Amino acid sequence: MTQGSRLTPYLYVAPLVALLLFVFGYPLVRIFEFSFKMVRGIDGPWIGLRNYDLVLSQSLFWESVQHNLLLLLAVPFMVIWSLLIAVVLYERLKGWKLYRVVLFLPYILAIPIIAVIMKKMFQFNGPVNEVLRWIGLDFLALDWIGSSDVALWTVMLLIIWRESALGIILFLARLLALDESLIESAKLEGANWWQRLWHIIVPQMKTVIEFYVVVSVITILSAVFAYVYVIGGGRGGPGTSTMVVELYIFNALIRTSLPGIASAVSVMLFLVSLLLIVPLFAMRRRANEEEMG
Amino acid sequence: MTAIPQPAPRRPRPDLALKHAILVLATVVALAPSAFMIVTSLKSDAEYTLDKVGLPDSLVLDHYRSVIFESDFFGWMGNSIILAAGAVALSTVVSCLGAYAIARMQFAGRGLLFSLSTSLMAIPPVVMIVPLFVLYTQLKLISTYQGAILIYAGLITPFSVYLLTSFFRTLPKEIFESARIDGASDLLILLKIVIPLSLPALLTLVVVNALYVWNDLLIAIIFLQDDSKRTLMAGISVFQGRYGDQIPLTMAGMVFASAPMVILYLAFQKHYIQGLMAGSIK
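These protein sequence lines map, in sequence, to chains A and B.
In terms of the working numbering, the first sequence is residues 1 to 293.
In terms of the working numbering, the second sequence is residues 294 to 575.
Some hints could be false.
[As the list claims (entries may be wrong)] Keeping only pairs whose Cα atoms sit at most 27 Å apart, straight-line, the calculated DSS-like set for lysine-lysine is:
#1 K206/A to K485/B
#2 K563/B to K312/B
#3 K187/A to K466/B
#4 K97/A to K187/A
#5 K466/B to K485/B
#6 K206/A to K187/A
#7 K94/A to K563/B
#8 K312/B to K97/A
#9 K466/B to K206/A
#10 K97/A to K206/A
#11 K485/B to K433/B
#12 K312/B to K94/A
Simulated from the structure, these hints should not be mistaken for laboratory data.
Note that this is a predicted model, so its numbers are computed, not measured.
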């Protein structure tokens with residue numbers, strides 16, 4: 001091998017490494033540094049843990065965290081709904097392929113667009129309440145967007161509506177890769193639909209369900225900005241009822257120009273996401289092994 | 294998802310109606326917002342006030358006219374196209390080179406690079422914005438295409454590298470060996486053999502990544518603050534605030550904003566679904 005050919009691989013990966021270092025490496029180092037500094041402009045003096053003290057003593061921060069945690073209640077609904085739809089699609093009823101295309105559509109529409117549409121649909125005098133009153137469910141005709149008691153639940157509905165589409169596609173893909181003979185032999189042994197689902201299909205799907213749960217938890221803790229930005233009118237409103245951690249970082253950085261505070265929250269969010277990445281990759285490996293074996 | 298085994302022999306299935314009912318219900322729920330958007334966009338303001346659910350009496354196209362001639366929609370769309378095209382092009386070139394090396398060459402740190410790059414897929418973008426914003430302010434890169442393209446390209450690259458590396462590894466070894474015996478250089482092999490063979494994977498990548506950039510709101514509102522650089526997603530969040538009461542007009546705007554994505558999805562549906570699953574399971 002010549003000198004040139006030993007260097008070749010590094011030439012090929014150099015742009016990749018440079019890009020990743022710039023967009024991920026540099027910020028991930030810098031948020032730790034900034035979180036201990038009082039940053040004005042590009043830099044500032046070290047102030048130890050004061051940023052953390054300030055954030056942790058602020059009730060708005062804890063309120064934001066609490067809202068992200070409350071939104072996690074969406075996950076079980078997403079899992080059950082997606083699993084139900086995927087299992088029914090797996091029966092390959094007439095037209096199942098068309099259903100699959102349509103049921104994935106919520107995931108294709110951009111979050112800001114769908115949030116704008118839902119915001120209008122769920123207005124107090126909007127079509128959703130009109131239908132609810134019409135079918136006699138007046139007590140359900142809430143002020144979905146304008147009431148600070150309800151707005152977060154409306155955001156949750158929207159999250160369930162959209163993120164379930166991903167679950168349906170993932171679960172259906174796993175189902176289609178299942179060993180059919182297992183299900184067939186269970187049928188021959190007289191297992192009914194429910195028994196086959198509970199004792200054969202669900203255990204086989206354990207890994208993909210776990211995977212989906214972790215992906216959804218990561219999404220809800222760290223990627224709901226676009227939902228609340230539109231529904232909450234850019235400010236997490238009404239009041240602070242749809243304030244979430246991402247919006248807290250956004251406000252600290254853009255509206256109050258306190259990069260140190262924003263960094264301290266970013267560090268905490270990063271550490272939480274690291275905790276979730278470990279099980280995520282363990283599951284990915286297991287999913288791979290299941291597909292091989 | 295290609296092989297479809299024969300359906301099981303039919304037995305009387307009393308549960309069939311229930312299953313169909315579930316699918317129909319799910320379809321109604323999935324389509325209701327889109328249906329509301331389209332139907333409402335064709336109503337006059339007065340008609341919407343009286344009837345929020347039903348079909349329009351006559352088709353009113355005024356709102357579409359207003360969106361086309363009196364709003365900045367096409368400017369925003371143009372910005373989104375520039376960003377998506379730029380970021381996808383940059384990320385694809387960088388990822389092809391990197392993934393080729395990772396899949397086909399021996400070098401120290403190869404495994405580490407691949408696992409680090411892959412794990413970056415799960416890091417929330419919001420964590421990265423603070424230092425980049427501070428840096429960009431200093432370098433006067435806020436509200437520039439090149440600045441935003443660089444960030445978007447970086448954010449989508451871990452997925453690109455992951456997908457392309459996995460795909461390049463499935464290509465048969467013999468192709469590479471015979472090309473090398475013929476004296477082809479690595480770059481020539483990549484350009485003339487690997488890339489033509491990888492077109493399906495590349496198409497998947499382009500569709501998934503372009504939609505990511507197109508749909509993003511967070512990076513767009515932080516790094517493209519200038520009105521002239523506003524993307525479609527940032528634009529519609531402004532639009533809906535400004536025309537808050539004119540719901541049919543807002544909906545006409547939403548129809549415009551969602552059309553490109555829906556068309557892209559319906560045209561490349563298979564690639565999109567495959568790409569998404571590759572990104573999340575394999």
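Hint check results:
no. : hint             : result
1   : K206/A to K485/B : 42 Å, violated
2   : K563/B to K312/B : 25 Å, holds
3   : K187/A to K466/B : 43 Å, violated
4   : K97/A to K187/A  : 24 Å, holds
5   : K466/B to K485/B : 15 Å, holds
6   : K206/A to K187/A : 21 Å, holds
7   : K94/A to K563/B  : 19 Å, holds
8   : K312/B to K97/A  : 15 Å, holds
9   : K466/B to K206/A : 35 Å, violated
10  : K97/A to K206/A  : 24 Å, holds
11  : K485/B to K433/B : 40 Å, violated
12  : K312/B to K94/A  : 11 Å, holds
The earlier numbered hints that this structure contradicts are 1, 3, 9, 11.
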